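2 protein chains.
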Amino acid sequence: MTNAYDDLMAFQRETGALGQIAGRLGWDQETMMPRGAAPQRAEEMAAMEHVLHARRTDPRLGDWLAAINDKTLDQVGQANLRHIRKSYLRNTAIPAKLASELARKTSMAQGIWAEARSKDDFASFAPTLEEIVSLKREEAAALSKGNLYDALLDDYEPDATGDQIAAMFNAMEPRLIALRDKVLGKPEPKSVTGTFDEAKQMKLTRQLAKTFGYDMSRGRVDKAVHPFSSGSGMDVRITTRTSEIDPFNCFYSTIHEVGHACYEQNINDDYLFTPLGSGVSMGVHESQSRIYENQIGRGRAFTSWLFGEMKEAFGDFGIANEDEFYATVNKVHKGYIRTEADEIQYNLHVLLRFGLEKDLMEGKLDVADLEEAWNTRFEQAFGYKVDKASNGVLQDVHWSVGLFGYFPTYSLGNLYAGCLNVAMRGALPDLDTDLAKGDTTAATAWLQENVQQHGGLYKPTDLIAKATGAEPSEAPLMDYLEAKFGEIYDL
Amino acid sequence: MTNAYDDLMAFQRETGALGQIAGRLGWDQETMMPRGAAPQRAEEMAAMEHVLHARRTDPRLGDWLAAINDKTLDQVGQANLRHIRKSYLRNTAIPAKLASELARKTSMAQGIWAEARSKDDFASFAPTLEEIVSLKREEAAALSKGNLYDALLDDYEPDATGDQIAAMFNAMEPRLIALRDKVLGKPEPKSVTGTFDEAKQMKLTRQLAKTFGYDMSRGRVDKAVHPFSSGSGMDVRITTRTSEIDPFNCFYSTIHEVGHACYEQNINDDYLFTPLGSGVSMGVHESQSRIYENQIGRGRAFTSWLFGEMKEAFGDFGIANEDEFYATVNKVHKGYIRTEADEIQYNLHVLLRFGLEKDLMEGKLDVADLEEAWNTRFEQAFGYKVDKASNGVLQDVHWSVGLFGYFPTYSLGNLYAGCLNVAMRGALPDLDTDLAKGDTTAATAWLQENVQQHGGLYKPTDLIAKATGAEPSEAPLMDYLEAKFGEIYDL
Chain Y
402 MTNAYDDLMA
412 FQRETGALGQ
422 IAGRLGWDQE
432 TMMPRGAAPQ
442 RAEEMAAMEH
452 VLHARRTDPR
462 LGDWLAAIND
472 KTLDQVGQAN
482 LRHIRKSYLR
492 NTAIPAKLAS
502 ELARKTSMAQ
512 GIWAEARSKD
522 DFASFAPTLE
532 EIVSLKREEA
542 AALSKGNLYD
552 ALLDDYEPDA
562 TGDQIAAMFN
572 AMEPRLIALR
582 DKVLGKPEPK
592 SVTGTFDEAK
602 QMKLTRQLAK
612 TFGYDMSRGR
622 VDKAVHPFSS
632 GSGMDVRITT
642 RTSEIDPFNC
652 FYSTIHEVGH
662 ACYEQNINDD
672 YLFTPLGSGV
682 SMGVHESQSR
692 IYENQIGRGR
702 AFTSWLFGEM
712 KEAFGDFGIA
722 NEDEFYATVN
732 KVHKGYIRTE
742 ADEIQYNLHV
752 LLRFGLEKDL
762 MEGKLDVADL
772 EEAWNTRFEQ
782 AFGYKVDKAS
792 NGVLQDVHWS
802 VGLFGYFPTY
812 SLGNLYAGCL
822 NVAMRGALPD
832 LDTDLAKGDT
842 TAATAWLQEN
852 VQQHGGLYKP
862 TDLIAKATGA
872 EPSEAPLMDY
882 LEAKFGEIYD
892 L
Chain E
402 MTNAYDDLMA
412 FQRETGALGQ
422 IAGRLGWDQE
432 TMMPRGAAPQ
442 RAEEMAAMEH
452 VLHARRTDPR
462 LGDWLAAIND
472 KTLDQVGQAN
482 LRHIRKSYLR
492 NTAIPAKLAS
502 ELARKTSMAQ
512 GIWAEARSKD
522 DFASFAPTLE
532 EIVSLKREEA
542 AALSKGNLYD
552 ALLDDYEPDA
562 TGDQIAAMFN
572 AMEPRLIALR
582 DKVLGKPEPK
592 SVTGTFDEAK
602 QMKLTRQLAK
612 TFGYDMSRGR
622 VDKAVHPFSS
632 GSGMDVRITT
642 RTSEIDPFNC
652 FYSTIHEVGH
662 ACYEQNINDD
672 YLFTPLGSGV
682 SMGVHESQSR
692 IYENQIGRGR
702 AFTSWLFGEM
712 KEAFGDFGIA
722 NEDEFYATVN
732 KVHKGYIRTE
742 ADEIQYNLHV
752 LLRFGLEKDL
762 MEGKLDVADL
772 EEAWNTRFEQ
782 AFGYKVDKAS
792 NGVLQDVHWS
802 VGLFGYFPTY
812 SLGNLYAGCL
822 NVAMRGALPD
832 LDTDLAKGDT
842 TAATAWLQEN
852 VQQHGGLYKP
862 TDLIAKATGA
872 EPSEAPLMDY
882 LEAKFGEIYD
892 L
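Here the protein sequences come in this chain order: Y and E.
Residues in the first sequence are numbered consecutively from 402, following the numbering used here.
Residues in the second sequence are numbered consecutively from 402, following the numbering used here.
Isolated chain Y (complex conformation):
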């Protein structure tokens, strides 16, 4: 028994190490790779994926899994087995022909989507999307005998169901709409003025990363077109970007990615290269990036410290005092684009996409009717009409690359962050005194202790329940948003 487990884990660790290498190549591609190397890199990545796929479907996995009696293992062993069994079943369930057809179709689809978006022409993308939806439904059916959407969701938020998520999202929606409506009826906070030296932004952004506990000896910060975090364990790198006129883009991207990166850096070292050695779900991952970025980073206490740092770095930038600064970094504004949305409306964007993709997968909505459905729901949620497809149904890349089940994890992350924030503040009543001095140590230590160190040991909702003492719900997030924006906007 023990022998099969040891063999399995040795094999698994090697696969984990190879997976880290693939991730590092992705980082290189976005930061360092000479542009002329793209065709060669594509072949290198394909070779790496081929090796990884062969390992993930290696028949020896099946033999080892059959030979192991989980009950003889300790908690860590059982958790490893749970992950490995599930991955193996999923990876071997999808017929090779379907997998290659999906890879081929989604690879082609990205160009077609980008072209359609540039022309604001959903009709020219619809036939392609229809094929992708059909293939994803086929994939979902191969993966599970149950609900098709749940089968796909499981890749990003293991053990969650669309209906459970819908119940929480449905409870959020009217409160979000009411709050958005009230806030947008009030005068808009001031904006920053002037230009912000990009080298100084990078200096302050590195300081912010360290302030939030990011270990620079096991990571690095570079510039890239899109901010991201990459890697696990001892080598977790982040990227950020700078804009001369919008310093918050850089600073809050960095804090967000530092949340992701600290989660990966702080997982128990013993789990390195095993299924427990990275964040347990996209939702829990997003809870860490969001609580760093919003509940801590955009809170009244921390922003008072950041205001001082920015004045020191950049001189006067048109904001008179801490209260004004707090309102500026939390500004709520009209807009069509998810990635530019504020803390309230971001969730409205996600709820909209979740509802539509769930309906598509469950056969309740046809691709032919998708644009109209999008536009109708958008007006209901945001109070005004979509002006063009690139601001509407064509704005996100996700569906063109076959990502169905990914969107809800963004708001699930916010929701988990809301739950964790209440528990953390209960445990640390004087936290704001620290944060006002730019000291996040107590907050990040609490998150490390209660969430991050565990990696993939517990199921996502069990982890949140264990950390907070209650089942996850939307109520703490909504209470927090109503209180925060009620105060800022004097509602």
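Everything labelled a hint here was simulated from the structure, so no lab data went into it.
Any given hint could turn out to be false.
Heads up, the list lumps identical chains together, so a pair's fine if it works in one copy or across two of them.
[As the list claims (entries may be wrong)] Each computed DSSO-like pair below joins lysine-lysine, with the alpha-carbon atoms no more than 30 Å apart:
hint	residue 1	residue 2
1	K604	K624
2	K624	K601
3	K546	K624
4	K624	K732
5	K624	K611
6	K867	K624
7	K735	K789
8	K546	K712
9	K867	K498
10	K604	K583
11	K735	K587
These figures come from a predicted structure and were not determined experimentally.
The hints should help you fit chain E onto chain Y, whose structure is shown.
For chain E alone, coordinates are given in the frame of chain Y:
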């Protein structure tokens, strides 16, 4: 038939792509990797090496090779088969137990060697080196029924023999010693004075790289402790280093690495990821780096242009005119260390090591007598005594990591560069007019056409013979050195 060849080559290309990934990780480790990531990276590299080793000894290779009739293939196919057959035979010839014992011993030996070097105590390293020599002799015997040194040499300089090399080196030695003796009897050229801004060095070094035809859209230049070139095809990166008081360290390291890098960049694109897709031998590789660095880069014509560029970048640096500058960049000086040696004495360093390691492998010299043999030969070649082991037998890492057969390729590269230089100048009689304007186009195009594009298509000596119209010999290099230093030192 064709089918087995296609299958073999598809497999081989994937192995090639994975090999490129391993190389890229090595680059990352020396340039970008956070220092705390070292233990994790070691495991990632081990996983990658495990995958590569398994592919290189995969029994399917044997089956495909048995099924293919080489005579049915074209020239490229036959060359591929020649490389693949040879690699497969070598990789499967070494017993797994011996391979792991060698890996274990050489991994431990590096620390023991470094410790011994820091204490100038060869005796504390000798027992370890003795074990390594014994294991390498065992490896050589497994690889070939012939000469043990030749069996190891074949890894770095395929199809060469120690005796052929010895014949050429033996003809070089008295001429090198006589030249060294005469030159060191003359007054030393001036040195540069002042300090050289490191950012300006990096700017000029990137310009130099482009001047020598390095394609920046398929490469990049970074700083690292040791200059190196890494990768093949569309992604060939180099590193350099800077010293505030010695700008030539940066510039000539860069030109040297650009020689290696251009060779890799200029290989026929069709050979990507195949055995023909990288430089054919260490000696031919070194011929490219050396001819860029020395015959072109340290020539009278090119240095006159470089002198102007440096004056423009740094102002006055204590050198009055082009002739003085030419002497400065070609200064010959006493010293114990190979890596700091000039164009003449570098070869004396290599000849010394080659003779010793050949004797060790052939059982003609015991490790117990190695230090004394080194010191005796050093005094014969250089004219003075070694003062301590760190300046003598302990100075190079090579033997501690099991590299036997590597040293001669350095001087073989110089020798090939000497042959190529004569042929190139015969074909391009006005070359110096171009070089004096900083224009290397004709020279690098000639090398691309006659050497670089072919990758691994021809055997090393055939390639040089084809490019120069004569069998490789030491005479052109020695004639060149005697003429060049005779002029500079007024002999």
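In ascending order, which of the hints set out earlier in this document are inconsistent with the structure? 3, 6, 8, 9 and 10
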